[in-house]
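J.: For reference, the chains in residue letters:
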Amino acid sequence: MPFGNTHNQLKMKFTPEQEYPDLSKHNNHMAKVLTPAMYERLRSKQTPSGFTLDDVIQTGVDNPGHPFIMTVGCVAGDEETYEVFKELLDPVIEDRHGGYKPTDKHKTDLNPDNLKGGDDLDPNYVLSSRVRTGRSIRGFCLPPHCSRGERRAVEKLSIEALASLSGDLKGKYYALKNMTDAEQQQLIDDHFLFDKPVSPLLLASGMARDWPDARGIWHNDNKTFLVWVNEEDHLRVISMQKGGNMKEVFNRFCTGLTKIESLFKDRGHAFMWNEHLGYVLTCPSNLGTGLRAGVHVKLPNMSKHAKFEEVLKRLRLQKRGTGGVDTAAVGGVFDISNADRLGFSEVELVQMVVDGIKLLIEMEKKLEKGQSIDDLMPCPEKL
Amino acid sequence: MATSFTRMMSGRNTAVVLASIGAGTLASGYLLSDSAAAAERKRAYPPSADFPDLRKHNNCMASALTPTIYAHLRDKTTPNNWTLDQCIQTGVDNPGHPFIKTVGMVAGDEESYEVFAELFDPVIKDRHNGYDPRTMKHPTDLDASKITSGMFDERYVLSSRVRTGRSIRGLSLPPACTRSERREVERVVVTALSGLKGDLAGRYYSLGEMSEREQQQLIDEHFLFDKPVSPLLTAAGMARDWPDARGIWHNNEKNFLIWINEEDHTRIISMEKGGNMKRVFERFCRGLKQVEQLIQERGWEFMWNERLGYILTCPSNLGTGLRAGVHIRLPFLSRDPRFKKILENLRLQKRGTGGVDTAATGDTFDISNLDRLGKSEVELVQLVVDGVNYLTECEKRLERGQDIKIPSPVPQFRK
Numbered sequence: 001m002p003f004g005n006t007h008n009q010l011k012m013k014f015t016p017e018q019e020y021p022d023l024s025k026h027n028n029h030m031a032k033v034l035t036p037a038m039y040e041r042l043r044s045k046q047t048p049s050g051f052t053l054d055d056v057i058q059t060g061v062d063n064p065g066h067p068f069i070m071t072v073g074c075v076a077g078d079e080e081t082y083e084v085f086k087e088l089l090d091p092v093i094e095d096r097h098g099g100y101k102p103t104d105k106h107k108t109d110l111n112p113d114n115l116k117g118g119d120d121l122d123p124n125y126v127l128s129s130r131v132r133t134g135r136s137i138r139g140f141c142l143p144p145h146c147s148r149g150e151r152r153a154v155e156k157l158s159i160e161a162l163a164s165l166s167g168d169l170k171g172k173y174y175a176l177k178n179m180t181d182a183e184q185q186q187l188i189d190d191h192f193l194f195d196k197p198v199s200p201l202l203l204a205s206g207m208a209r210d211w212p213d214a215r216g217i218w219h220n221d222n223k224t225f226l227v228w229v230n231e232e233d234h235l236r237v238i239s240m241q242k243g244g245n246m247k248e249v250f251n252r253f254c255t256g257l258t259k260i261e262s263l264f265k266d267r268g269h270a271f272m273w274n275e276h277l278g279y280v281l282t283c284p285s286n287l288g289t290g291l292r293a294g295v296h297v298k299l300p301n302m303s304k305h306a307k308f309e310e311v312l313k314r315l316r317l318q319k320r321g322t323g324g325v326d327t328a329a330v331g332g333v334f335d336i337s338n339a340d341r342l343g344f345s346e347v348e349l350v351q352m353v354v355d356g357i358k359l360l361i362e363m364e365k366k367l368e369k370g371q372s373i374d375d376l377m378p379c380p381e382k383l
Numbered sequence: 001m002a003t004s005f006t007r008m009m010s011g012r013n014t015a016v017v018l019a020s021i022g023a024g025t026l027a028s029g030y031l032l033s034d035s036a037a038a039a040e041r042k043r044a045y046p047p048s049a050d051f052p053d054l055r056k057h058n059n060c061m062a063s064a065l066t067p068t069i070y071a072h073l074r075d076k077t078t079p080n081n082w083t084l085d086q087c088i089q090t091g092v093d094n095p096g097h098p099f100i101k102t103v104g105m106v107a108g109d110e111e112s113y114e115v116f117a118e119l120f121d122p123v124i125k126d127r128h129n130g131y132d133p134r135t136m137k138h139p140t141d142l143d144a145s146k147i148t149s150g151m152f153d154e155r156y157v158l159s160s161r162v163r164t165g166r167s168i169r170g171l172s173l174p175p176a177c178t179r180s181e182r183r184e185v186e187r188v189v190v191t192a193l194s195g196l197k198g199d200l201a202g203r204y205y206s207l208g209e210m211s212e213r214e215q216q217q218l219i220d221e222h223f224l225f226d227k228p229v230s231p232l233l234t235a236a237g238m239a240r241d242w243p244d245a246r247g248i249w250h251n252n253e254k255n256f257l258i259w260i261n262e263e264d265h266t267r268i269i270s271m272e273k274g275g276n277m278k279r280v281f282e283r284f285c286r287g288l289k290q291v292e293q294l295i296q297e298r299g300w301e302f303m304w305n306e307r308l309g310y311i312l313t314c315p316s317n318l319g320t321g322l323r324a325g326v327h328i329r330l331p332f333l334s335r336d337p338r339f340k341k342i343l344e345n346l347r348l349q350k351r352g353t354g355g356v357d358t359a360a361t362g363d364t365f366d367i368s369n370l371d372r373l374g375k376s377e378v379e380l381v382q383l384v385v386d387g388v389n390y391l392t393e394c395e396k397r398l399e400r401g402q403d404i405k406i407p408s409p410v411p412q413f414r415k
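Protein chains in written order, with UniProt numbering: chain A, 1 to 383; chain B, 1 to 415.
Treat the hints as calculated values from the structure; they're not laboratory data. Don't be surprised by glycine CBs; every beta carbon is placed ideally from N, CA and C. All clues stand as given, with none of them false.
Derived contacts from chain A toward chain B, CB cut-off under 7 Å, selection only:
| # | residue |
| --- | --- |
| 1 | GLN9 |
| 2 | LEU10 |
| 3 | GLN18 |
| 4 | ASP22 |
| 5 | SER147 |
| 6 | ASP213 |
Work the whole structure out from these sequences, hints included.
T.: And the structure:
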C-alpha cells in the first residue's frame, strides 16, 4: 500500500511461505525471477521512505500477463528501491534489458549533433515523429508511493522551472483539475491530453491515487514540446511533430531537456541519475535513457510480410498500435520505436530508429512494386 | 557520499536531505518502523500539505473530513499499522457516483473504527440516518420465527434473497489484509463450512482452481463473483492478489451461498426463486448460527460489538450488514409518480436486477431495505416483508384502476 507503508510489521508475523504470492499462472519478469528464498531474504527490508518488497511486486502479482508484451511486473517507489531490492531488480533488469549486468555502466549522450541524418524520413510514409523520455526529481518518492504533499511539491517545482523556458520553448501549464472544457477539448484534439490511467498494470501499483490532484500538462506555444507532470513518472518530456524530420524533433528534445535540467538545478534539485542505471524512473523498463523515439509510419505491405517481426527484431525496433503501448495497429499504420532503453545512449537509440525506418520504407517500396526484399534483410544484431 | 553531504550543507529542501539519509543507509536496507527518515518526512510535510482536495467531491467522507480532523488523525495507526490515508483513499479517488451517495472510506481492520472514530462516527451518522455510535446500541436478532406474512404473491415476486457479511476477528479486512491473512480467512471459513450438514451441506470452489465447466456452471446460476471492476472497490485495495484465496461455497440445494474474500471476509447469501421470504430468512439465520458455532469451536469469532453490531469493511454495512430483497415486477407502480415517495416512506431502495451499480431494465426491480444499522435483522426483514406486501397491493390496485395511497413514513430508531 502506498506512502508511509507502516504495514510491513504486520506481515512479519507470518512466515515467508504463508505470504509468498501464487505466481503459478504468471508470465512477467518479476515472476520469472522471484523465488521463495529471495522473498524470504527481502521481505523484512524497506527503503527509508517505507517502500517494501510487496509494494514493488504488487502490480506483477495482480497482473499475470499481457497479451502483447512481456511486462516487468515491478515498480520502484523511490530512488533507493533499486538499491535495497537489487537482488530482485538486477536480474529483472538484466532479463529486460538484453543482458545488462549489475556492473555495467550506462552512457548518456544528449548531443543532437552526434545524430547522422534523420532529417529526411519519407513523409509519404512517415506521418509523425516523436521522442519521449521521463525524468524523476531526486528527493521525492515516485508515483506509486508519493504522498499528496510530495506530488504537489513536484508539480510546483515543475511549474516554476517550465515557466522559465523561453524562445520557441515558451509555453503554458494546464493543471488537470483546473482546465476549462474548452482547454480540455483543445488538448484532446492536439493528442496531448493524458487521461487517468485505466491500465490495470498502472492502477495496481498505486500511481492513479488522488487523481487528478497535482497532475498537469505543459506545452510550448508551438505545440511541439510537451511535458506531462505526475502521470506514470514525475515528468515525461515529449518532442513531436508531423512528418519525418526526426533530427529536428531530437534537436528540440535535447535542447529542451538540457534547459529543464539546469532550471531544476538552479532550484536545488537534480534528476535521479547514476552511472549504472542512468536516469531512474518508476518502471525498470524505462531505466537508462527512458527514451522511446518513434514514428507513425504506413507499412501496409511490409506489415503483412512473413519476415516483418524478424526484421524489427534485427533492427532492435518494436511495433505498437497508434494508440500507444496497449493497442493494436489500425489500417497498416504502426508506431515503430526503439526496443531498448538501457545500455545504449540517447543518440545511439535515435540513430537505430532513423536507420531502421529508412530501411523499412525501402522494403515497403519494394513490396509495393512486387519485388523481393531478401537482399535488404538486415544482419542479425550482434551483442 | 560527498555530493549528498554538500547538498545537506547548503540547507536545501528537506526532501533532499532525506534522500541523503536514504543514500547513507542504502547498503543495509534495514527494517525501519519509526525511523528518523519517517519522522523527518512528517516534519517536511505537515498535514496541511497532504490534505486531499475534496472540492469536487460528494461522498460521506468528503462531507465529514476537515483539515482539523485530518491533522489529528493523519499520523495515527491502528495496531496493525493501518492509517487514515489508507481508509480514505477510495473516497479521494472517487468523487461521486451517479446513482448513490457513496461512503468514501473503508476500514482496514476492526480497530479502524476506534482509532479513526473522529471521522468514522460522523460518516456513520450521515449514512445511517443519525445513528450515533457514541450513545446508541445496535440490536442483533436472528430469530426468524418472529417474521409474519413472509410469503409473497409469486405473480409479482420472482425471487427472494437475504445477504449479510461477517468478518473473522483478529484478521485484517480486505483493503488491508496480507496474503497470509486472506488465506487464513479462507482456511478458517472453508473448514467451518465443511461441517455443515443436511440441507446446508455443500462444497467449496476456489476461484483460482475451478475448472472451466465449474466456472460456467456458477456463472449460469448467477453465483460467480468476478474480480471487482468498480473503482470504488479497486481504489480501496480489495482486489490485490486476485484470485488468491477467493472462492465460492454453496450448498447442494443451491440456496445457501458464501463468498469468501470478495469485499468482506465472508458474504452469506440465502436465496430462492419465488416469494417465500420467511423460509429464505429462516435458512439464513440457521446457517449463520451454525457457521458461527463451527468457527467458535476452533477458537475464532466474528467481529461484533454493541456500538456498531457486525463489523464489516464498508461503514454502510455495519450493524446487521443485511440486505433483504426481492426481484419484483411492478409495471404499473413503477410508472406512477408516487413510486419513489412510497419506497422512501417504506425505507426501501430500488436497484436494477444486476445489483447496486445497475439501472432497472423493463419493469423488474430489485427492492430491498435501505437501512443496516440501528434496527435488528428481524426488524429489517419484517420491514421488507411489510413493504413488499404493500407494493404488491398497490400494483394490484393500479391494475384494477383503483387509487393508491402513500404510506406514512416508517419510524426510525427505537426510542
